[in-house]
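Given the coordinates of chain Y, assemble chain Z onto it according to the supplied hints.
In case you want the letters, here they are:
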Amino acid sequence: MRSLVATCLLAILVVGFPIPRAAQAATGDPARGEDIYHRCLACHALNHNSVGPRHCGLFGRQAGTLKGYSYSTAMKKYGVTWNEETLDHFLENPLKAVPGTKMGYAGVKDAQERADLIAYLKQATSDPKICN
Amino acid sequence: MTIARLSPTPDGEIRRSFLTGFGKFTLSATAIALLAGNERLALIGSASAQTANNDVAILNSALGAEQQAIAAYQLGAESGLLQKPVLALAVQFQGHHKQHADALAKAVQKLGGKPVAPLKDYAFPKDKLKKEADVLSFAASLEKGAVSAYLGAVPILTDRELAKAAASILGDEAMHWAVLRQALGQPPVPDAFMS
Chain Y
1 MRSLVATCLL
11 AILVVGFPIP
21 RAAQAATGDP
31 ARGEDIYHRC
41 LACHALNHNS
51 VGPRHCGLFG
61 RQAGTLKGYS
71 YSTAMKKYGV
81 TWNEETLDHF
91 LENPLKAVPG
101 TKMGYAGVKD
111 AQERADLIAY
121 LKQATSDPKI
131 CN
Chain Z
1 MTIARLSPTP
11 DGEIRRSFLT
21 GFGKFTLSAT
31 AIALLAGNER
41 LALIGSASAQ
51 TANNDVAILN
61 SALGAEQQAI
71 AAYQLGAESG
81 LLQKPVLALA
91 VQFQGHHKQH
101 ADALAKAVQK
111 LGGKPVAPLK
121 DYAFPKDKLK
131 KEADVLSFAA
141 SLEKGAVSAY
151 LGAVPILTDR
161 ELAKAAASIL
171 GDEAMHWAVL
181 RQALGQPPVP
191 DAFMS
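Chains as they are written, first to last, in my numbering: chain Y, 1 to 132; chain Z, 1 to 195.
The shape of chain Y in the complex, shown without the other chains:
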């Protein structure tokens, strides 16, 4: 009996929990995402343009359309509206998603890290204490 329990435990350990893990990848943790956002700070700020455009108001904005920032032609023509899905695709590999973009950055390859980052961006870019 004990060995049966052990075998079951072992099986669970080896096989893992595919369903909860997949669900977890879809929901991001904004606290971890804030940490990941530090990678963007050489080029971006939430509330002002720097090397890259400001991120405040990102969700629902069409790519390459913020007034006062000089985008590449490629980004101006990209055409997507920023949301969880479009950001996930772009941030995985910016230069592949938008060939000719001037965001010269490899991207965030880990799906969970992207989910965390996007969860943070969603909160922070619409936070009236940060964005004015």
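One or more of the hints may lead you astray.
When the alpha-carbon atoms are kept at most 30 Å apart in a straight line, the in silico BS3-like pairs for lysine-lysine are as follows [as the list claims (entries may be wrong)]:
1. Z:Lys128 / Y:Lys67
2. Z:Lys164 / Y:Lys96
3. Z:Lys131 / Y:Lys129
Cβ-Cβ distance ranges computed for the label pairs, FRET-style [to be verified]:
4. Z:Gly80 / Y:Ser126: 32 to 38 Å
5. Y:Lys109 / Z:Lys114: 18 to 24 Å
6. Z:Leu184 / Y:Lys109: 27 to 33 Å
7. Z:Ala117 / Y:Thr65: 19 to 25 Å
Please keep in mind that the hints were generated in silico from the structure rather than gathered at the bench. Even glycine gets a Cβ: it sits at the ideal position worked out from N, Cα and C.
Relative to the frame of chain Y, chain Z by itself:
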């Protein structure tokens, strides 16, 4: 020539950058030698016009980050908030960023691109910089961001010598970050890996 004009979207422009591509590659070997401080001219194999354009975009965004760092240290040095040993560090670090910016701008030019110009106004959060620690934290956040930016550049630079040069700058900026953290009383090297 702007990066936008090198962009592959409009059909005519793909052709143009393709046709002018070979000249750029010949020059790029010199750029590599320049940036890496190396007399040997590396051979570039099967790089396409698009990947050379990507290298320009990557180097130019790194250049933009360097220009921002130069401006941030200028602000810090002029703020009157930095005391002596730290002030000397800030000036020295700014000098490194100037050298990085020069090297990057030269490499962009040699690749046939146009180096980005520094912004007129960086809109730094001046109202939040009230004491020495604020300035140091701000500088540390830019240095950490720069390390991440180079980490995001190294794997996608087509040219291995340019990637090496970017990694060499990365190392320098990681040292800045550690020293700033030390000055802030934080563990200077918090992790085994950078991200």
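Here's how the hints hold up against the structure:
no., hint, in the structure
1, Z:Lys128 / Y:Lys67, "holds (25 Å)"
2, Z:Lys164 / Y:Lys96, "holds (22 Å)"
3, Z:Lys131 / Y:Lys129, "holds (22 Å)"
4, Z:Gly80 / Y:Ser126: 32 to 38 Å, "holds (36 Å)"
5, Y:Lys109 / Z:Lys114: 18 to 24 Å, "violated (30 Å)"
6, Z:Leu184 / Y:Lys109: 27 to 33 Å, "holds (30 Å)"
7, Z:Ala117 / Y:Thr65: 19 to 25 Å, "holds (23 Å)"
The structure fails hint 5 only (numbered hints given earlier).
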